[in-house]
Amino acid sequence: MKNKEDIRVVVGMSGGVDSSVTALLLKEQGYDVIGIFMKNWDDTDESGMCTATEDFDDVVRVCNQLDIPYYAVNFEKQYWDKVFTYFLDEYKKGRTPNPDVMCNKEIKFKAFLDHALALGADYVATGHYAQVEKVGDSYRMLRGVDENKDQTYFLNQLSDEVLSKVMFPLGHLPKKEVRKIATEHDLATANKKDSTGICFIGERNFKDFLSEYLPAQPGNMTTLNGEIKGKHDGLMYYTLGQRQGLGIGGAGEPWFVVGKNVEENVLYVEQGYHHDALYADGLIASQLNWINEEPDNKPFSCTAKFRYRQKDSGVTVHPLEDGRVKVTFDQPERAITPGQAVVFYQDEVCLGGGTIDIILKDEKQLDYVG
Amino acid sequence: MKQIYLDHAATTPMDPAVIDEMTDSLKNLYGNPSSIHSFGRKARQALDKVRRTTAKVIGADEKEVTFTSGGTEANNLALIGTAFRNKSKGNHIITTKIEHHAVLHAAEYLEKNGFRVTYLDVDKDGMLDVEKLKASLTQETILVSVMMVNNETGVFQPISEIGQLIKDHQAYFHTDAVQALGLTNIHVDNLSVDLLTVSSHKINGPKGLGVLYVKKGTKLDSRQHGGEQERKRRPGTENVAGIIGFGKALEIAEEKKQVRKETYLSFKELFLKILDKNEISYYINGSKNNTIEHIINLSFPGTNVESLLTNFDLEGIAASSGSACSAGSVEPSHVLVSMYGSENSRIINSIRFSFGLANDLSQVELAANKIAKIVKRLTK
Chain U
1 MKNKEDIRVV
11 VGMSGGVDSS
21 VTALLLKEQG
31 YDVIGIFMKN
41 WDDTDESGMC
51 TATEDFDDVV
61 RVCNQLDIPY
71 YAVNFEKQYW
81 DKVFTYFLDE
91 YKKGRTPNPD
101 VMCNKEIKFK
111 AFLDHALALG
121 ADYVATGHYA
131 QVEKVGDSYR
141 MLRGVDENKD
151 QTYFLNQLSD
161 EVLSKVMFPL
171 GHLPKKEVRK
181 IATEHDLATA
191 NKKDSTGICF
201 IGERNFKDFL
211 SEYLPAQPGN
221 MTTLNGEIKG
231 KHDGLMYYTL
241 GQRQGLGIGG
251 AGEPWFVVGK
261 NVEENVLYVE
271 QGYHHDALYA
281 DGLIASQLNW
291 INEEPDNKPF
301 SCTAKFRYRQ
311 KDSGVTVHPL
321 EDGRVKVTFD
331 QPERAITPGQ
341 AVVFYQDEVC
351 LGGGTIDIIL
361 KDEKQLDYVG
Chain F
371 MKQIYLDHAA
381 TTPMDPAVID
391 EMTDSLKNLY
401 GNPSSIHSFG
411 RKARQALDKV
421 RRTTAKVIGA
431 DEKEVTFTSG
441 GTEANNLALI
451 GTAFRNKSKG
461 NHIITTKIEH
471 HAVLHAAEYL
481 EKNGFRVTYL
491 DVDKDGMLDV
501 EKLKASLTQE
511 TILVSVMMVN
521 NETGVFQPIS
531 EIGQLIKDHQ
541 AYFHTDAVQA
551 LGLTNIHVDN
561 LSVDLLTVSS
571 HKINGPKGLG
581 VLYVKKGTKL
591 DSRQHGGEQE
601 RKRRPGTENV
611 AGIIGFGKAL
621 EIAEEKKQVR
631 KETYLSFKEL
641 FLKILDKNEI
651 SYYINGSKNN
661 TIEHIINLSF
671 PGTNVESLLT
681 NFDLEGIAAS
691 SGSACSAGSV
701 EPSHVLVSMY
711 GSENSRIINS
721 IRFSFGLAND
731 LSQVELAANK
741 IAKIVKRLTK
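Those protein sequences? They're chains U and F, same order as listed.
Counted the way the working numbering counts, the first sequence spans residues 1 to 370.
Counted the way the working numbering counts, the second sequence spans residues 371 to 750.
Worth double-checking, as some hints may not be accurate.
Stated by the list, open to error - Heads up, simulated BS3-like pairs for lysine-lysine below, C-alpha to C-alpha not over 27 Å straight-line:
no.: 1; chain 1: F; residue 1: Lys467; chain 2: U; residue 2: Lys2
no.: 2; chain 1: F; residue 1: Lys746; chain 2: U; residue 2: Lys165
no.: 3; chain 1: U; residue 1: Lys165; chain 2: F; residue 2: Lys750
no.: 4; chain 1: U; residue 1: Lys92; chain 2: U; residue 2: Lys207
no.: 5; chain 1: U; residue 1: Lys92; chain 2: U; residue 2: Lys77
no.: 6; chain 1: U; residue 1: Lys77; chain 2: F; residue 2: Lys504
no.: 7; chain 1: U; residue 1: Lys82; chain 2: F; residue 2: Lys750
no.: 8; chain 1: F; residue 1: Lys372; chain 2: U; residue 2: Lys4
no.: 9; chain 1: U; residue 1: Lys4; chain 2: F; residue 2: Lys740
no.: 10; chain 1: U; residue 1: Lys93; chain 2: U; residue 2: Lys229
no.: 11; chain 1: U; residue 1: Lys77; chain 2: F; residue 2: Lys746
no.: 12; chain 1: F; residue 1: Lys433; chain 2: F; residue 2: Lys419
no.: 13; chain 1: F; residue 1: Lys372; chain 2: F; residue 2: Lys459
no.: 14; chain 1: U; residue 1: Lys2; chain 2: F; residue 2: Lys372
no.: 15; chain 1: U; residue 1: Lys2; chain 2: F; residue 2: Lys740
no.: 16; chain 1: F; residue 1: Lys743; chain 2: U; residue 2: Lys165
no.: 17; chain 1: U; residue 1: Lys193; chain 2: U; residue 2: Lys175
no.: 18; chain 1: U; residue 1: Lys110; chain 2: F; residue 2: Lys746
no.: 19; chain 1: U; residue 1: Lys2; chain 2: F; residue 2: Lys750
no.: 20; chain 1: U; residue 1: Lys77; chain 2: F; residue 2: Lys750
no.: 21; chain 1: U; residue 1: Lys110; chain 2: F; residue 2: Lys750
no.: 22; chain 1: F; residue 1: Lys372; chain 2: U; residue 2: Lys27
no.: 23; chain 1: U; residue 1: Lys361; chain 2: U; residue 2: Lys326
no.: 24; chain 1: F; residue 1: Lys743; chain 2: U; residue 2: Lys110
no.: 25; chain 1: U; residue 1: Lys207; chain 2: U; residue 2: Lys193
no.: 26; chain 1: U; residue 1: Lys2; chain 2: F; residue 2: Lys746
no.: 27; chain 1: U; residue 1: Lys4; chain 2: F; residue 2: Lys743
These are computed hints drawn from the structure, not numbers from a lab.
Keep in mind that this is a model prediction, so the values were computed, not measured.
Working from the sequences, and respecting the hints, build out all of it.
So this is what it looks like as structure tokens:
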């Protein structure tokens with residue numbers, strides 16, 4: 001086996017506290033650590049500054065503190081082609097995409113991994129809260145120890161082969177501990193706020209951002225029975241189960257988005273958080289990725305997440321002949337959203353996941369969810 | 371691992387003799403050159419000496435030499451200073467698309483302030499066509515700024531021809547000669563320039579020191595305001611040690627010019643020979659014959675800049691390409707875009723190697739072999 005100082009680990013550094021501590025821990029463990037900043041989005045303003053400027057500056061400061069080399073790599077084109085185009089296409093279809101899942105699949109653990117390997121890297125490491133475990137000759141992905149931060153949901157499209165070249169040094173740590181390590185080492189990013197939302201939108205208003213790329217078509221907001229309740233600003237601005245921004249007044253319980261009709265440009269709303277129309281008992285997912293062995297054709301029980309940071313729910317997975325799966329829920333689930341990922345777990349092990357395509361209730365497709 | 375520095379066009383190591391002179395001046399010459407006592411006179415005396423050396427090297431008068439904080443400040447002073455002062459004569463400026471950002475961004479600033487700027491493209495050899503410039507001249511033109519040697523490709527621009535062309539025109543003629551100094555004969559009268567920029571750290575002198583030659587009678591506004599230093603063109607207590615270091619570096623550069631030219635040319639030839647021997651495919655960006663000795667810019671088909679530069683650095687080889695954006699990633703070179711257009715793959719796979727004091731033949735050989743190996747691996 002190689003000595004640690006001969007094992008080259010390329011760390012994907014974003015300028016945030018998590019990837020900073022990732023690099024720190026690997027350096028302390030004695031690896032040959034290199035920090036690389038990915039520039040995936042161009043929002044350069046007139047003065048030549050972009051959001052990435054500050055972030056890269058933080059990467060530089062941390063790497064200098066750690067005395068490791070740092071570089072940057074530009075994946076703007078790949079990101080645009082593989083992630084952003086998908087992102088817009090999904091919105092055009094009235095779905096709610098998950099660009100982070102796609103970014104991990106196509107950029108961080110493909111383009112970036114290839115770049116790192118071409119630099120002689122043995123591994124890439126990121127600050128994701130997830131764990132890789134070697135079992136025999138294969139590699140499994142386990143949830144991060146910090147339940148609240150676990151990011152395996154976003155990593156569900158990785159393969160066992162990719163995992164064999166990946167390190168997640170934060171997977172066994174609670175977030176609090178990561179901050180503490182950063183503070184103890186006086187890292188330049190120790191007090192930096194965590195980024196929120198979708199990376200390329202940043203702190204900007206989501207509606208304003210999306211309207212720059214997709215024409216907004218205002219239309220009617222109706223109940224499922226066709227009673228007009230108001231106007232919507234464009235279907236893409238709404239997601240299932242949403243309450244904010246509907247602007248429907250009046251008495252009684254608050255109103256929620258329960259579905260969309262893309263052809264007729266109608267947004268369906270109903271009253272009450274627990275309205276029956278928001279509940280489903282199954283789904284069909286495509287784009288399936290199984291991290292380790294593919295399941296055979298028999299149905300099996302496991303748990304699943306339909307959104308990030310949601311508690312697991314008991315489900316039964318029924319593999320279909322066309323490679324998709326039908327998933328039936330132990331209990332009815334609220335606001336299952338087409339375009340989001342469904343991710344499967346067996347206890348702590350993430351089995352993989354897919355994209356939610358069709359929502360089922362009593363074995364029938366819920367056509368009003370879009 | 372042995373580190374090899376092939377980025378002398380970015381900056382150069384200081385000559386030990388320069389360091390000695392500067393150290394001595396830092397210890398002994400702390401007087402303010404403007405003071406009228408012996409301490410001040412001693413410092414002033416040292417400045418005068420460098421001013422005389424500089425003037426002599428570029429064929430100017432001592433009074434035409436203005437010390438600045440570097441090439442960027444000198445270029446800004448030249449462009450913005452003359453434009454603002456001469457706007458009653460016209461509002462048009464001509465420059466090229468391959469200038470250093472210290473010229474380009476100063477020109478953009480002038481555009482924001484009501485001036486009209488023509489940015490000329492260069493041809494595939496990286497050269498400006500003087501006829502194009504001629505066609506762009508108008509009665510409104512008050513300034514023409516064209517660099518002497520391009521910092522990315524090393525290609526010489528036809529400065530004396532341009533000088534001849536606009537000799538009788540009202541426009542001032544500025545050349546950024548930062549990359550030319552040390553290996554080229556620069557004579558302001560032969561070039562017919564009114565303004566000329568050089569920088570100390572490109573010729574093994576200290577960073578933070580540049581010179582703007584301002585021909586007698588040239589009208590320009592200063593960019594900063596304060597005391598009487600540098601004929602008020604550049605007020606502020608002089609960087610005495612820096613000026614002394616620059617003076618020494620300039621003396622040495624002039625003395626060794628011929629030897630260095632031959633040496634760097636032999637480095638370039640050996641470098642290419644080794645790439646050829648390893649059957650590496652590459653293109654030379656820019657004219658083959660009209661290029662300064664120490665710079666070579668190569669395109670490696672099937673690679674990309676970021677991967678090349680990072681791999682080189684991990685093998686201890688320092689080179690560069692285009693310009694890094696503020697977020698660290700490498701932006702396509704504006705120079706290569708002007709030469710080949712924005713769709714040509716050369717703009718994303720080209721590297722500049724530049725030789726200098728830090729190199730010897732065995733290093734160049736070692737570096738070329740390592741580079742060949744990396745390029746081979748990346749194009750497999």
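CA of U:Lys110 to CA of F:Lys746, is that 27 Å or under?
-> Cα-Cα ~22 Å, so holds.
Does U:Lys193 lie within 27 Å of U:Lys207 when you go C-alpha to C-alpha?
-> With Cα atoms ~23 Å apart, U:Lys207 and U:Lys193 stay inside 27 Å; holds.
Going straight from one Cα to the other, do U:Lys2 and F:Lys372 come out at no more than 27 Å?
-> Measuring from Cα to Cα gives roughly 23 Å; hence the hint holds.
Does the structure keep U:Lys77 and F:Lys504 at a Cα separation of 27 Å or less?
-> 39 Å, violated
Agreement of F:Lys372 and U:Lys4 with the hint, judged by alpha carbon distance not exceeding 27 Å | Distance ~22 Å between F:Lys372 and U:Lys4 Cα, so the pair holds.
Taking only the CA atoms, is the gap from F:Lys372 to F:Lys459 under or equal to 27 Å?
-> At roughly 57 Å apart (the allowed maximum being 27 Å), F:Lys459 and F:Lys372 break the hint.
Are the Cα positions of U:Lys4 and F:Lys743 separated by 27 Å at most?
-> Holds. U:Lys4 to F:Lys743 sits at ~25 Å (cutoff 27 Å).
U:Lys92 and U:Lys207: Cα distance at most 27 Å?
-> 14 Å, holds
Straight-line alpha-carbon gap U:Lys193 to U:Lys175, limit 27 Å = This hinted pair holds, its Cα atoms lying about 13 Å apart.
Holds or violated: F:Lys746 to U:Lys165, with C-alpha atoms at most 27 Å apart | 24 Å, holds
Do the alpha carbons of F:Lys467 and U:Lys2 lie within 27 Å of each other, as the hint requires?
-> Roughly 50 Å between the alpha carbons, so the hint for F:Lys467 and U:Lys2 is violated.
Taken at face value, is the distance from the CA of U:Lys165 to the CA of F:Lys743 at most 27 Å?
-> At roughly 24 Å apart (the allowed maximum being 27 Å), U:Lys165 and F:Lys743 satisfy the hint.
Violated hints, in rising order: 1, 6, 13; the structure is consistent with all others.
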